[in-house]
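Visitor: Can you build the whole structure from these sequences, using the hints too?
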Amino acid sequence: MSDIAVRAPTQGRDRDATAESPAARAILIGLAVVILTLFLFLPLATVFVGAFERGITGYLKTLGDPDTLAAVRLTCIVAAICVPVHLTFGVAAAWAISRFDFVGKSLLVTLIDLPFSVSPVIAGLVYVLLFGSRGVFGPWLAAHDIQIVFAVPGIVLATLFVTFPLVARELIPLMQQQGSDDEQAALTLGASPFTMFRKVTLPNIKWGLLYGVLLCNARAVGEFGAVAVLSGHIRGATNTMPLHVEALYNDYDMTGAFVVASLLASLALVTLAIKTFLEWRYADEIARRRRH
Amino acid sequence: MSLSDSLVKPSPLPGFGPALGAALLWLGLLVLVPLAALVWRASGLGLGGIIAIATQPRIAAALRLSFGLAFLAAVLNVVLGGIVAWVLTRYEFPGRRLLDAAVDLPFALPTAVAGIALTAIYAPNGWIGAPLAALGVKIAFTPIGIFIALVFIGLPFMVRSVEPVLAEFDPEIEEASATLGASRLKTVLQVVLPPLAPAFITGFALALARGVGEYGSVVFISGNIPFFSEIAPLLIVVKLEEFDEAGATAVATIMLTISFAMLLLINLVQGWTRKRMGHV
Chain A
1 MSDIAVRAPT
11 QGRDRDATAE
21 SPAARAILIG
31 LAVVILTLFL
41 FLPLATVFVG
51 AFERGITGYL
61 KTLGDPDTLA
71 AVRLTCIVAA
81 ICVPVHLTFG
91 VAAAWAISRF
101 DFVGKSLLVT
111 LIDLPFSVSP
121 VIAGLVYVLL
131 FGSRGVFGPW
141 LAAHDIQIVF
151 AVPGIVLATL
161 FVTFPLVARE
171 LIPLMQQQGS
181 DDEQAALTLG
191 ASPFTMFRKV
201 TLPNIKWGLL
211 YGVLLCNARA
221 VGEFGAVAVL
231 SGHIRGATNT
241 MPLHVEALYN
251 DYDMTGAFVV
261 ASLLASLALV
271 TLAIKTFLEW
281 RYADEIARRR
291 RH
Chain B
293 MSLSDSLVKP
303 SPLPGFGPAL
313 GAALLWLGLL
323 VLVPLAALVW
333 RASGLGLGGI
343 IAIATQPRIA
353 AALRLSFGLA
363 FLAAVLNVVL
373 GGIVAWVLTR
383 YEFPGRRLLD
393 AAVDLPFALP
403 TAVAGIALTA
413 IYAPNGWIGA
423 PLAALGVKIA
433 FTPIGIFIAL
443 VFIGLPFMVR
453 SVEPVLAEFD
463 PEIEEASATL
473 GASRLKTVLQ
483 VVLPPLAPAF
493 ITGFALALAR
503 GVGEYGSVVF
513 ISGNIPFFSE
523 IAPLLIVVKL
533 EEFDEAGATA
543 VATIMLTISF
553 AMLLLINLVQ
563 GWTRKRMGHV
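Residue numbers (the working numbering), protein chains in the order written: chain A, 1 to 292; chain B, 293 to 572.
No wet-lab data here; the hints were simulated from the structure.
Just a sample of chain A residues kept apart from chain B, beta carbon distances all over 12 Å, derived: (1) Y59; (2) C76; (3) A142; (4) A143; (5) K206; (6) W207.
Pairs of lysine to aspartate or glutamate residues, derived as DMTMM-like cross-links and limited to a Cα-Cα distance of at most 25 Å, are as follows: (7) K430/B x D251/A; (8) K105/A x D182/A; (9) K206/A x D392/B; (10) K301/B x D181/A; (11) K199/A x D181/A; (12) K478/B x E20/A; (13) K275/A x E455/B; (14) K478/B x E384/B; (15) K478/B x E460/B; (16) K206/A x D181/A; (17) K275/A x E460/B; (18) K61/A x D251/A; (19) K478/B x D462/B; (20) K478/B x D16/A; (21) K567/B x E466/B; (22) K61/A x D253/A; (23) K275/A x D392/B; (24) K301/B x D182/A; (25) K301/B x D101/A; (26) K275/A x E384/B; (27) K430/B x D253/A; (28) K206/A x D101/A.
Under 10 Å between C-beta atoms, here's a sample of chain B residues computed to sit facing chain A: (29) L312; (30) G313; (31) L317; (32) L327; (33) L330; (34) I375; (35) W378; (36) R389; (37) D392; (38) L447; (39) E467; (40) E506.
Just so it is clear, CB atoms sit at the ideal spot from N, CA and C, and this is done for glycine as well.
Guide: So, in C-alpha cells, the structure goes:
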C-alpha cells in the first residue's frame, strides 16, 4: 500500500504521535543551546579571549616566565607519578573484583569510590593531620628531616587521593561485562598467567584503560582544592599550574592568570576530543552506563 | 577446608592474592589511613567539642550556605539537566554531537580555570556582569555567584545520569499512551518522566555531594565575605592557615557526616522509588 493512500488527504503534514510539535522541539533545542552556551562555552571563550589580551607577544612572555615553567614542570611530575600508580592499582583492583567472588567485595567497591564523596579540601586536610608538624607522624618526620606537608610529596599524595577511583571504576564494569571465558580458554590452551594477561586481558581492556588514564591525567593536572591545602604556595617550587593561576589572579594579573588557564583549558579540550573519539569508535570496549 | 577457601570462591584464574593484596594496600595507604586520622582527631574533640565548634556563628553560617546553595543548585539542575538530556537523546540536529561532547567540560576543565572564568564573566565589568550591574544586580562576590558556579559544576552529573535511561526508554510505551488518547504533554509528564525518577535522584545526589565540597570553581567568584559568601570548604582552609587543626577537623567532620547522612537518605528514597516504579 502506498504511503499516500493511508494519509488523510486533509492533513497537510501528519506528525508522529510520539514526537513533540515542531515549535516545542525548536524551543527545547534553543533552551539546551542557551544553557550550554551560558554555562560551558562562555567560560571557555573568556579564558582564551582573556589570555590574548596583551597579544601573542604578551602571551609568550607569560609562558616563558620561570615561575610558569616551574609550575608546568611540577604539574607534569605530579601527573607522571599519579597515572602509573593508578594504572597499576586500577588493573589489580579490577582483576580481583571482576574475576573472583570473595567476602566483602561490595564493601571494597564502595570504599574505592569513597574519595569522590570527600571534598578535595578535606582530602588535603587528612594528610595535614597525618604528616603536618603536629600530625600523627609529624614529630618522627621532623626528626628525620623529611618534609611532606607544604612540599612536593604532599601535593602528590593529595592528588593520588582525589584521582583514586578513576581508572578502577572505568575497568571494573567493563571487565565484569566481558567475563573471563577468553582468559580461561587461554589457560586451558597452555598459556602462562603472564602470557594470558599480555595477550588476552590487556588487548580486551586497552581502550577502557586508555579512557581511565585520560580521566585520571586530566584530574591530576587540574586538581586545585586538595593541592591548595598541602602546597606551601612557594612560586617556582611548590606551585602547580592551577595554583599558579590562583597566584597570578591574586596579584591582579588577570591576563597572566588566563594565559596559564588557557594551557589547562587546551588540555581539557584535547582530553574531551580524545574521549569523544574513543566513545564513538570503541563504544563496546569502554564501560557503558558510567557514573562520574 | 582452609579459611581462605571459605572466603573466596575457587576459580581457575590466577593472581587473586597479588591483585587483591595490591588493591588493599593502595586503598589502605592512600585512602583509609588518612581518613582514619580524621576520625581519630575528631574523636579526640568529642561530640560536645565538635558541636561547640559547629555552632559558632561564622561556621554555622558557612555550613548553612554550602548545604543550602548546593541543594538549590541541584534542584535547578534537575530542570536544566533534564532539558539538555532530553534534547541530546531525542532530537537530531546539526551540532548535536558537539553539544553532547561539551557537556563533560566541567569534568575536564580544572576547577580553578572555571572559577576565574566565571568570575570574569559575572564581575561588575564582565560580559554578563556589566549589563546586570547597570540594572543593579550583583552576581560575582555574592551567594548568587556561588550558586552559578555550583550549577556549572553539577550540570554534567544530571545530564549523564538521565541520558542513558532516557535513551533506553521503550518507545512502545509512549505509543500506547498516544493511542489511548493522551496528549503529548500528558504522555511526557505522566508516562515518560516518572520512570526516570531514579536517574534524576542519582544525578541530584551526585551534584549535591559535589556541590557541598566544591572549592576551586567557587572560591574566586564567592568573594569570601564571612557571614555572607563564605563556604564551608574555605573555612577549613582558613582554620588550617590559623593553625587551628581542631577547628578544621570539626568542620570537616560535620561536612562529611551531613553529606553521608544525605546520601544515605537519598539511597533510601531511591530504593522506595524503584520499588514503586516496578524496577527491581
